[in-house]
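Q: Our numbering puts the first residue of the sequence shown at 46, with every later residue one more than the last.
Don't read these hints as lab results, they were simulated from the structure.
Honestly, I wouldn't trust all of these hints.
As the list claims (entries may be wrong) - Simulated restraints on C-beta separations:
no.	residue 1	residue 2	range
1	102	63	41 to 51 Å
2	102	139	43 to 53 Å
3	142	113	39 to 49 Å
4	63	95	19 to 29 Å
Backbone N, C-alpha and C fix where the C-beta goes; we use that ideal spot for every residue, glycine too.
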Amino acid sequence: MIILIGAALVVGTVLVVWMSRISEVASRVLDGAAALAVFLFFVTAADAVAETLLHDTIFMTEVHRVLANPIFLASGAYLGPYLLARIAALPVYFKYRKG
């Protein structure tokens, strides 16, 4: 299973890099989607923490509620390849920026 997940991460990363390189508009759309994904990811996590504190529940029971949340899963799944693609592009960016 871990090999499949790693392969999907690589494919997603290559797709993000490729789409960003072929079109400035696609790059901006991917950036906007990442900003929205970060927002949703942290709002979902913060909601779980707030619910835990307000209801004085054991956090381990709340973790499962967060991990089963489709918004949390989808935003996290998008952020993995997106962030890896952006990090991988940094050396290229700095090489051409200095030159």
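Q: Hints numbered earlier in the text: which of these fail when held up against the supplied structure?
A: The structure breaks only hint 4.
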